[in-house]
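Trainee: Construct the complete structure from the given sequences, taking the supplied hints into account.
Going down the list, the sequences are from chains A and B. Heads up: take any position in the first sequence, counting from 1, add 1049, and you land on my numbering. Heads up: take any position in the second sequence, counting from 1, add 4, and you land on my numbering.
The hints are simulated quantities; they were obtained by calculation from the structure and are not laboratory data. Treat the hints with care, since some could be wrong.
Derived coverage of chain A by chain B (criterion: at least 3 residues anywhere in the stretch with Cβ under 8 Å from a Cβ of chain B; other residues may be distant) [to be verified]:
| # | region |
| --- | --- |
| 1 | 1078–1089 |
| 2 | 1101–1114 |
| 3 | 1184–1190 |
| 4 | 1219–1228 |
Among the chain B residues that face chain A by a calculated CB cut under 10 Å, a handful are [what the hints assert, rightly or not]:
| # | residue |
| --- | --- |
| 5 | Leu-34 |
| 6 | Ala-60 |
| 7 | Ala-75 |
| 8 | Leu-104 |
Every residue gets a Cβ at the ideal spot worked out from N, C-alpha and C, and that includes glycine.
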Amino acid sequence: MTTAGFVLFAISSVIAFFSAIATVGARVPLRAALFLMVHIISLAGLYLTLSAHMLAAVQLLVYAGAVVVLFVFVIMLIGPASETKPTMKNMGIRLVSLIGMILFTVTLAFALVSHAADWVAIETSFGTVEAVGHELYLNTLVPFEVVSATLTVAIVGAVAIARKATEFEVGEAKAARQATIDALEEARQEAA
Amino acid sequence: MEIGLGAYLGLAMVLFGIGASGFLMRRNALIQLMSIEVMLNAVNIVFVAVNRFHPADHVGQIFSFFVIAIAAAEAAVGLALVIALFRIKKTVESDNADTLRH
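Mentor: What follows is the structure in structure tokens.
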């Protein structure tokens, strides 16, 4: 690893660590979203130290450009109610799960951190758009198409869940409900 | 000190732990969704790091590419659910998502 790579790793990992804590700990969701963006940009720096240039660009485009903006849109849409008061509800079980998670993390982190591997020499094309695109379109074309279909379905589903029912749909539902009530009433009178 | 694969794996594990702790401790559905994003990103670091140390092909990078795509879909659906919850309950606290409880 070069000295520049070491410096980039040190800066990116420290920023990633603290911005992750700030994201999950922020009181105000808008601040959490902005810290999430800082976190994502520092991860793009980490990808650069691993020679994954294309993935660093995708990370910035998709996460910082789309996901964080989506979060900010929703926070703006919900308004002041997006900020919730700290609650002590279920505090016992939450603390127990937190302690368990910390123990799990520390154990695995100490087990993994001693894992050593050689910095294998790489070709200059490693991680470039050309090499990754070659791999993507030659070896993983079917999963790639499936992912695009999944994204389309997810976006249509998101619209269907989030939108209000139209007046026509509300009227139709009311009419169907009334028809059921009428049919039940009729059946009851016939029985009587 | 030489930075190796272990440093990346340890960092990814710590970030995953932070995300999971946030998901378990916080009760704000928006922040819980952001914690999920932190966890998914931690997994991506592992894929890319291991790929760098086994550079015969780009399978790890392709895999994290797919993870990014699925995470975007997950964020869209999750935020739509938060909006639907807010419309019914006028709050984004995940404890209030108990309409199906009898």
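Trainee: Against each hint, give a clear statement of whether it holds in the structure.
Mentor: These are the hints, each one checked on the structure:
no.: 1; hint: 1078–1089; in the structure: holds (count 6)
no.: 2; hint: 1101–1114; in the structure: holds (count 7)
no.: 3; hint: 1184–1190; in the structure: holds (count 4)
no.: 4; hint: 1219–1228; in the structure: violated (count 0)
no.: 5; hint: Leu-34; in the structure: holds (4 Å)
no.: 6; hint: Ala-60; in the structure: holds (9 Å)
no.: 7; hint: Ala-75; in the structure: holds (7 Å)
no.: 8; hint: Leu-104; in the structure: violated (15 Å)
Going through the hint list in order, the structure does not satisfy hints 4, 8.
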